[in-house]
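My request is simple: use the sequences and hints to build the entire structure.
Chains E and L, in that order, give the protein sequences. Going by our numbering, the first sequence opens with residue 1079, and the numbers climb by one from there. Going by our numbering, the second sequence opens with residue 77, and the numbers climb by one from there.
No wet-lab data here; the hints were simulated from the structure.
Here are the computed lysine-lysine pairs in the PhoX-like style, where the Cα-Cα straight-line distance is at most 25 Å:
| # | chain 1 | residue 1 | chain 2 | residue 2 |
| --- | --- | --- | --- | --- |
| 1 | E | LYS1665 | E | LYS1581 |
| 2 | E | LYS1604 | E | LYS1646 |
| 3 | E | LYS1699 | E | LYS1728 |
| 4 | L | LYS401 | E | LYS1114 |
| 5 | E | LYS1536 | L | LYS275 |
| 6 | E | LYS1476 | E | LYS1581 |
| 7 | L | LYS275 | E | LYS1659 |
| 8 | E | LYS1465 | L | LYS275 |
| 9 | L | LYS350 | E | LYS1117 |
| 10 | L | LYS414 | E | LYS1536 |
| 11 | E | LYS1095 | E | LYS1114 |
| 12 | E | LYS1114 | L | LYS350 |
| 13 | E | LYS1581 | L | LYS176 |
| 14 | E | LYS1480 | L | LYS399 |
| 15 | E | LYS1386 | L | LYS299 |
| 16 | L | LYS356 | E | LYS1117 |
| 17 | L | LYS265 | L | LYS243 |
| 18 | E | LYS1698 | E | LYS1623 |
| 19 | L | LYS356 | E | LYS1118 |
| 20 | L | LYS399 | E | LYS1114 |
| 21 | E | LYS1644 | L | LYS414 |
| 22 | E | LYS1465 | L | LYS299 |
| 23 | E | LYS1386 | L | LYS374 |
| 24 | L | LYS242 | E | LYS1560 |
| 25 | L | LYS414 | E | LYS1476 |
| 26 | L | LYS153 | L | LYS142 |
| 27 | L | LYS265 | E | LYS1465 |
| 28 | E | LYS1543 | L | LYS175 |
| 29 | L | LYS240 | E | LYS1560 |
Per label pair, the in silico range of CB-to-CB distance:
| # | chain 1 | residue 1 | chain 2 | residue 2 | range |
| --- | --- | --- | --- | --- | --- |
| 30 | E | GLU1160 | L | LYS240 | 50 to 60 Å |
| 31 | L | PHE415 | E | ARG1720 | 43 to 53 Å |
| 32 | L | PRO222 | E | LYS1394 | 34 to 44 Å |
Where a beta carbon is used, it is the ideal one built from N, C-alpha and C, also for glycine.
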Amino acid sequence: MDILIPDSWLREHLKTKATPRQIAEYLSLCSQSVEKTTKKDSDWLYEIEITTNRPDCFSVYGVARELAAILPQFGIQAKLEEIPENKIRMPEVKNSLPLEVKIEKSSLCPRFTALIFDNLTIKPSPKVVQERLKKSGVRALNNVIDISNYLMLELGQPMHTFDYDKIKGAKMILRESAGGEKLTTLDDTIRALPDGSIIIEDGESRIVDLCGIMGGKNSEVDESTKRVLLFVQTYNPMKIRQTCQKLAFRTEAASRFEKGIDPEGVILAMKKAIDMFRKNCGARVASRLIDIYPKPPKPKKVTLTQEKLNRLMGIKVDLSEAKKILDSLGFQSTINQQPSTITALVPHWRNGDIDIGEDLIEEVARIYGYHNLPSRLPQGQIPQIAKNPLFSWQERVKDMLKYWGFMETYNYSMVGESLLIKVGLNPEEHLKITNPLSEDLVYMRTTLIPSLFEVMAKNQAENEKIRIFELANVYLPTVENKLPEEMPMLTGAINHGGFYDAKGLLEGLFNELAITNVNFSPYQLKKTLYGKLFHPARTAEIMIKKNSLGVIGEIKPSIISKLGIKGKVIVFDLDFNELVKHITNIKVHAPIPRYPAIIEDLAFVVPKRTLVGEMIDEIKKIRGMIVSVALLDSYQNTRTFRITYQSFKKTLTDREVEKVREKVVKSIGKKFEARLKST
Amino acid sequence: MNINKVQNLKNQAISAILEAENENDLERLRVHYLGRKGEITQLIKELPSLDPEARKEAGHLLNDVKRAIEQTLAEAKGDRAAKKVDLEKEWLDVTAPGKKTTLGHLHLITQAIREITDIFEKIGFTRVSHHEVEWDWYAFEGLNMPFNHPARDIWETFFIDNLKNKKYGEGVLTPHTSSGQLREMEHTKPPIRMLNIAKCYRRQSDVSHAPMFYQFEGLVIDKNIAINHLKGTLDYFAKQYFGPDRKTRIRPYHFRFTEPSFEFDVTCIICGGKGCRLCKEGWLELGGSGMVHPLVLKNGGIDPEKYSGFAWGWGVERVFMMKHKIPDIRLLFSGDLKFLNQF
Chain E
1079 MDILIPDSWL REHLKTKATP RQIAEYLSLC SQSVEKTTKK DSDWLYEIEI
1129 TTNRPDCFSV YGVARELAAI LPQFGIQAKL EEIPENKIRM PEVKNSLPLE
1179 VKIEKSSLCP RFTALIFDNL TIKPSPKVVQ ERLKKSGVRA LNNVIDISNY
1229 LMLELGQPMH TFDYDKIKGA KMILRESAGG EKLTTLDDTI RALPDGSIII
1279 EDGESRIVDL CGIMGGKNSE VDESTKRVLL FVQTYNPMKI RQTCQKLAFR
1329 TEAASRFEKG IDPEGVILAM KKAIDMFRKN CGARVASRLI DIYPKPPKPK
1379 KVTLTQEKLN RLMGIKVDLS EAKKILDSLG FQSTINQQPS TITALVPHWR
1429 NGDIDIGEDL IEEVARIYGY HNLPSRLPQG QIPQIAKNPL FSWQERVKDM
1479 LKYWGFMETY NYSMVGESLL IKVGLNPEEH LKITNPLSED LVYMRTTLIP
1529 SLFEVMAKNQ AENEKIRIFE LANVYLPTVE NKLPEEMPML TGAINHGGFY
1579 DAKGLLEGLF NELAITNVNF SPYQLKKTLY GKLFHPARTA EIMIKKNSLG
1629 VIGEIKPSII SKLGIKGKVI VFDLDFNELV KHITNIKVHA PIPRYPAIIE
1679 DLAFVVPKRT LVGEMIDEIK KIRGMIVSVA LLDSYQNTRT FRITYQSFKK
1729 TLTDREVEKV REKVVKSIGK KFEARLKST
Chain L
77 MNINKVQNLK NQAISAILEA ENENDLERLR VHYLGRKGEI TQLIKELPSL
127 DPEARKEAGH LLNDVKRAIE QTLAEAKGDR AAKKVDLEKE WLDVTAPGKK
177 TTLGHLHLIT QAIREITDIF EKIGFTRVSH HEVEWDWYAF EGLNMPFNHP
227 ARDIWETFFI DNLKNKKYGE GVLTPHTSSG QLREMEHTKP PIRMLNIAKC
277 YRRQSDVSHA PMFYQFEGLV IDKNIAINHL KGTLDYFAKQ YFGPDRKTRI
327 RPYHFRFTEP SFEFDVTCII CGGKGCRLCK EGWLELGGSG MVHPLVLKNG
377 GIDPEKYSGF AWGWGVERVF MMKHKIPDIR LLFSGDLKFL NQF
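Put into structure tokens, the structure is as follows:
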């Protein structure tokens, strides 16, 4: 969370000659990050991002305290000024106005303090208060409300003021909300209070405060207020946070309370408030201080060894140096010998974030200056780890597709229900996001194909020929207490050319990866994902022995028309893990034949629906001299094959070739009822 | 037949051809030697009258001679033909566009991942991958972020319906690659130099946030790993990726799973560090890093008294969007070919 701090206010607490630029730079280097420094009239404004672990820095005073430790490290003197109001004595009040307080569970409110003021006049705050609030981004309202805002910004302690006369029965019960109660808060909003919210009810059982977040309208300070009840408390951070999350509502006060407020800082804030009420409102303290603080936190001691300090900082830092730094931050540390350690008493404002030795190392190292530490590469051994082959093959395959004219796309892993339904997929078979960002990002993809359809549809108007692919995980649910299977898929889509163009690409791919024994066979399942998407007659399953690598085929016209895609789309969808398994990493040399080949073309007349792939396989089975078989031409019922005969031992004679040819004709004739076409 | 005479005839013919001045001369020479009544032809005609032994020898010889003369003639003619073409008169418009070849494009994220991987592999990192759908334990709890801790706020996390494990909590989409840290520690013993580049998901969408994005996470665990090694490694990366003139710095920050934690800055690649609209006083924030929290080491089964480590997890898109001047991260996932075509 960012806060705005005016330079002039900061310097009320910090005496230093550092320039605003130096303050911004050194604070960023050693503590909280100054996001922006802007000039405002004769003043400067620091916009500072405060990390969640440092609620103590959520204030002008907290930042000044950090700078008092940091600036001297850069050779600039800096002194944190004492807060004069700290010396104020709590006034003795004879006829204390009554307030009965009952806290149902002490864990809800670790420290409860309250004080009543009377005799006050509501008017605008003094100019300096108004200006400081304005520069810090808070609107000035009146002298009473401004005090609570002012002190929250200055000391980091949120507070709340009630009109004392609106608290019925001078009685307060602090409890958890239950059973769906309601409260109209100061911003005139009726809020349904989540069960477990910390609230206060008065003597007539009216809820008057949503504690730590916003007060009730029914007890607000207004122009006719004469007596004010001031609250300075700390609340259970977790409770405040839960309520804010459930309400989806957060105030400045709440975002401080949910990070933890130092209960030891409460009295200082109360004293400063007394002073301001007197000066700004002409008020008089009209009650004794109510201070309910059953369990003050015990002082915390943390020990750090010299060995660990040196090990993590990578240089030797004397413990005396470490002590100097820690003490400058408010720790009280002592050095111990044998073993050499330093024990630090944690200042109360750091109670929430210092627990272990490593926390002390951070304190020492950041003030010592990270910029003063050397910079070098790790010196140890390089781990010997088997590489995951997936990555390098992934890049090889992407390169091939790129040079074959494919565009690589990255699509969201989530898709919407309407897309799934359009392509005939059942949303219930997908992992569903509980809190999706929008309705088109709800289900985790089980296939990349629909995403590619969307890209196709989006771009077809401007691109006649589209070749796209994506290589990404799909997410297949298993059982409720097991993580889904994440499976990398290589999926491509083409809107021009036909089945054989796409198949040729895959054959090229397999060839380049030295994947052999690939078999394309007609895809026949109807109820599978593929069966739903792909054309029943124009789709092949790609197999290697008994393992399915995926499919290639034309998408059903009914599917693509639902997506507004014109023409036809050929898709290939490969299981990338399976593909990698079959890559033959090293291509092996085959001897180069020394004797000439004899090449001849054989044309067969075949019955309808004869599979050429099977014919080629059959011809190849006749080994010996046939070194390659290719489909030369396919016209009507004629398939012409180019067959290459060759021997490694001698030049083949016509007679020898003739014998092999006879075998081919016979076997093809028998198996496929095909006959050699006479020429 | 006198073999010497034949040999001489050949030499005589070749030198005459080489000296010939024009095509007429060449044609005349061809007729003289190889024409129907040419000298070589005459000799070939005589062959049948020789006895078999002599005939074979003379036959070979005459064949060779004939072929040599033919070849010389052909070369001489070609030479002359080439000389005759006046290259000066030819014209080709070399400015006309070439015939288009189909070239595809790799996505910018792929290109960046390659570059990042190359840089870290050189110093001994190995690329790994872990779950994208992960248990709360690995994404938060085991990384020292208890349930409902405010530190979780910056990771606006997507949860998965009906995915729950008694031991590991709810199923989430990994909001950062840091969930890979514990996974890595579980199956690898130190020394560890992990590079985990993966998809991450957060519930946000604006020009610099997409609900899905990539991070690259580094994790180094070994004996005596110190802050200076984190500085050295990240400085090496910044100089390799953005150029050797970059300066870098680390600043204090807070993450629950590292202690101390840092933000890593590099001098602005636009203004070079002078300060401009895009940067903070000359510095660009690249991302978070830190020394692995002892509790996280313990949760990963590694003894924090023996080993220490550092880690960082940065947005892949963040580092390259500056370089390529990409105005909106969501363009990367838009599937708009007009955009993808440019890289």
